[in-house]
Structure formats: C-alpha cells, structure tokens
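Engineer: Sequence:
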Amino acid sequence: MKQKTLGRGYKFWGKGLHTGCYSHMRLKPAPADTGIVFVRTDLGVEIPALAENVSSTARSTTLSVGKVSVGTVEHVLSALTGLGVDNAYIEIDNKEVPILDGSARPYIEAISIDKLVEQDAERRYLELSREVYVENRKTGSYIRVTPSDSPSVDLTIDFNSHVLGVQTVHWDPSIDYSQEIGPCRTFCFLHEVLLLHTLGLVKGGDVENAIVVVEKPVSERKKRKLAKTFGQPKIEITPEGYLSNLELRFPDECGRHKLLDIIGDLRLVGGFMNAHVEAYKPGHALNTSVSAEIRKILK
1 MKQKTLGRGY KFWGKGLHTG CYSHMRLKPA PADTGIVFVR TDLGVEIPAL AENVSSTARS
61 TTLSVGKVSV GTVEHVLSAL TGLGVDNAYI EIDNKEVPIL DGSARPYIEA ISIDKLVEQD
121 AERRYLELSR EVYVENRKTG SYIRVTPSDS PSVDLTIDFN SHVLGVQTVH WDPSIDYSQE
181 IGPCRTFCFL HEVLLLHTLG LVKGGDVENA IVVVEKPVSE RKKRKLAKTF GQPKIEITPE
241 GYLSNLELRF PDECGRHKLL DIIGDLRLVG GFMNAHVEAY KPGHALNTSV SAEIRKILK
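According to the numbering used here, the sequence shown is numbered sequentially starting from 1.
In case anyone wonders, no lab produced these hints; they're calculated from the structure.
Please note that the accuracy of each hint is not assured.
What follows is a set of in silico ranges between Cβ atoms, one per label pair, in the way DEER data are often shown [as the list claims (entries may be wrong)]:
{"id": "1", "residue 1": "Glu-109", "residue 2": "Arg-137", "range": "20 to 28 angstroms"}
{"id": "2", "residue 1": "Trp-13", "residue 2": "Asp-149", "range": "38 to 46 angstroms"}
{"id": "3", "residue 1": "Thr-34", "residue 2": "Ser-112", "range": "20 to 28 angstroms"}
{"id": "4", "residue 1": "Asp-101", "residue 2": "Gly-7", "range": "20 to 28 angstroms"}
{"id": "5", "residue 1": "Arg-123", "residue 2": "Arg-8", "range": "14 to 22 angstroms"}
{"id": "6", "residue 1": "Arg-26", "residue 2": "Ser-56", "range": "19 to 27 angstroms"}
{"id": "7", "residue 1": "Ala-58", "residue 2": "Arg-249", "range": "22 to 30 angstroms"}
{"id": "8", "residue 1": "Arg-124", "residue 2": "Arg-26", "range": "37 to 45 angstroms"}
{"id": "9", "residue 1": "Thr-34", "residue 2": "Asn-274", "range": "17 to 25 angstroms"}
{"id": "10", "residue 1": "Leu-248", "residue 2": "Arg-124", "range": "33 to 41 angstroms"}
{"id": "11", "residue 1": "Arg-295", "residue 2": "Val-163", "range": "53 to 61 angstroms"}
Every residue, glycine too, gets a C-beta built ideally from N, C-alpha and C.
I would like the entire structure built from these sequences, with the hints used as guidance.
Structural biologist: What follows is the structure in structure tokens.
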C-alpha cells in the first residue's frame with residue numbers, strides 16, 4: 001500500500017477544551033515519510049507527533065519540544081489515523097487544538113469531501129517482535145498489545161457508573177471509523193466539573209462540546225456554580241442521565257470515544273501498526289506509556 005497525504009489544506013478554529021484559548025488550525029499535505037507534525041506557527045516550532053514528545057496526560061495528551069507545547073492532540077491524530085493519512089502538517093497558532101464538537105467528526109466531514117493523495121513511497125507497517133503490556137496496579141487498568149497480521153482494538157470502560165455501566169467496544173478495518181468511531185464525543189462526570197475547573201482544566205468546556213454524565217441529584221447552589229462555570233444562565237440537570245438531556249449518538253458513545261482516544265494516542269508510535277490492542281479502563285497516561293514502550297522496542 002502506498003503512503004497517503006491530504007489532497008489540500010483544511011482550516012478549523014475555536015476554543016480549546018482545557019485552556020479556553022482560541023486558536024486557528026490548518027491541516028496541510030506533507031511529503032512522504034514526514035509522518036504527522038504539529039507546527040506552532042506563532043512561534044515557528046515543529047513538534048513531531050511521537051511518544052517521546054509527550055509532556056502531559058492530564059485529561060488529554062500534550063506534546064512539547066522545549067517549552068513549546070500543543071495540547072489535546074488526540075482527536076485530530078485519531079481522525080487522520082482512522083482516515084488513513086500517513087503524512088500531514090498541522091499548523092496551529094496557539095497552545096491547544098480546538099475542541100470543536102468534542103469528537104473527530106468535523107475533521108472527517110472536511111477531509112472526506114476530497115480524495116487522499118497517493119505518494120511515491122510504500123507504507124511501512126510497524127511490526128512488533130513481542131507482546132507489550134502496561135498496567136496501573138492502583139486502578140486495575142491495563143493495555144496489552146500483541147503482534148498481529150492486521151490492526152484491531154478491543155476496549156472496555158468501567159467507571160462504576162450506574163448511568164454508563166460497563167461498555168465494551170471493538171474496532172478493526174472492517175468497521176467504518178468515520179461512521180462508527182469518529183463522531184463520538186468526549187465526556188466527563190458532573191461531579192468532576194467544578195474540581196477540574198479549579199485545577200485550571202475544562203475552561204472551554206460546555207454542553208456543546210462534551211457529554212456530561214449526571215449520577216445523582218444536584219443542589220440549587222451547585223446548579224448556580226455550574227451555570228457560572230459553563231457561562232450559561234440556566235442548565236437543565238436531571239436526577240440521572242446526561243446534562244441538558246443531551247441525546248447520545250450511540251448507546252455506547254462514551255466507550256467508543258475512548259476507542260477514538262486510544263487510536264489517536266497510539267499514533268504516537270510513529271505510524272500505522274499491525275497489532276491487536278486489548279485495553280481495560282485506559283486513559284491518556286496509559287495509552288501514551290504504551291506508545292513510548294513500543295517506540296523503544298522499534299528503535
């Protein structure tokens with residue numbers, strides 16, 4: 001199979017989920033063997049999308065070169081991987097990728113209008129020589145990556161939530177990423193929102209770009225705080241379910257979003273990988289740790 005790049009440039013803009021900073025971003029074609037490279041156009045610094053450049057995994061994945069960073073990179077990386085893009089530049093003029101609607105769908109809808117461009121170089125699938133296993137004994141989370149003839153992922157989430165339940169999802173090349181995985185939005189729990197905000201996170205979060213899971217009734221005092229946090233005069237909170245009666249795109253949308261995330265984080269191995277991934281309660285820290293371990297093996 002030949003390597004592929006974008007047919008043209010695509011522009012996106014908006015606020016970052018965690019910083020609230022407004023940025024303009026452009027996806028551009030790149031030469032064969034470039035991989036995916038972020039370019040901070042405001043500072044003139046390139047940041048290759050590789051595991052050794054991960055600098056933070058606090059509720060998202062941040063890449064850095066020196067003191068220059070770009071955050072929440074996982075959704076755009078997932079989109080490019082799911083669509084089969086080998087090489088691309090991602091130009092951005094601020095420190096966080098726009099959250100858009102909280103999923104990879106805006107990228108998919110833009111890029112899918114055009115055909116990808118085949119390049120004069122073969123795609124070299126990354127092949128593992130042995131199993132890679134990383135775990136977090138405190139949480140019971142783990143990821144196991146085993147050599148395979150083709151890529152696939154089996155993933156389970158369990159937040160001890162009576163709203164979400166336990167969700168198990170699967171992806172392999174026979175499943176249309178752009179229809180089944182890409183549209184799934186990021187999520188958090190209502191009881192986390194105020195804490196995350198005090199930690200300097202989710203400054204750009206609102207009910208338009210995230211699923212907020214409601215586990216229990218909320219006091220009027222907390223409702224006022226949440227309305228202030230989201231910058232809205234009134235927020236509808238049901239005793240349990242989803243904030244503002246949001247409708248899910250899939251019954252297991254939250255599990256599918258975690259699948260979207262891990263596809264993006266594992267792209268930090270530096271390309272497409274033939275391996276089976278088994279993930280239980282994964283997060284960005286675990287995902288990127290696996291990518292880093294695989295990078296060591298490949299080197």
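Engineer: Against each hint, give a clear statement of whether it holds in the structure.
Structural biologist: Quick rundown of the hints versus the structure:
| no. | hint | verdict |
| --- | --- | --- |
| 1 | Glu-109 <-> Arg-137: 20 to 28 angstroms | violated, 41 angstroms |
| 2 | Trp-13 <-> Asp-149: 38 to 46 angstroms | holds, 41 angstroms |
| 3 | Thr-34 <-> Ser-112: 20 to 28 angstroms | holds, 21 angstroms |
| 4 | Asp-101 <-> Gly-7: 20 to 28 angstroms | holds, 23 angstroms |
| 5 | Arg-123 <-> Arg-8: 14 to 22 angstroms | holds, 21 angstroms |
| 6 | Arg-26 <-> Ser-56: 19 to 27 angstroms | holds, 24 angstroms |
| 7 | Ala-58 <-> Arg-249: 22 to 30 angstroms | holds, 26 angstroms |
| 8 | Arg-124 <-> Arg-26: 37 to 45 angstroms | violated, 27 angstroms |
| 9 | Thr-34 <-> Asn-274: 17 to 25 angstroms | holds, 21 angstroms |
| 10 | Leu-248 <-> Arg-124: 33 to 41 angstroms | holds, 38 angstroms |
| 11 | Arg-295 <-> Val-163: 53 to 61 angstroms | violated, 37 angstroms |
Of the numbered hints stated above, those contradicted by the structure are hints 1, 8 and 11, listed in ascending order.
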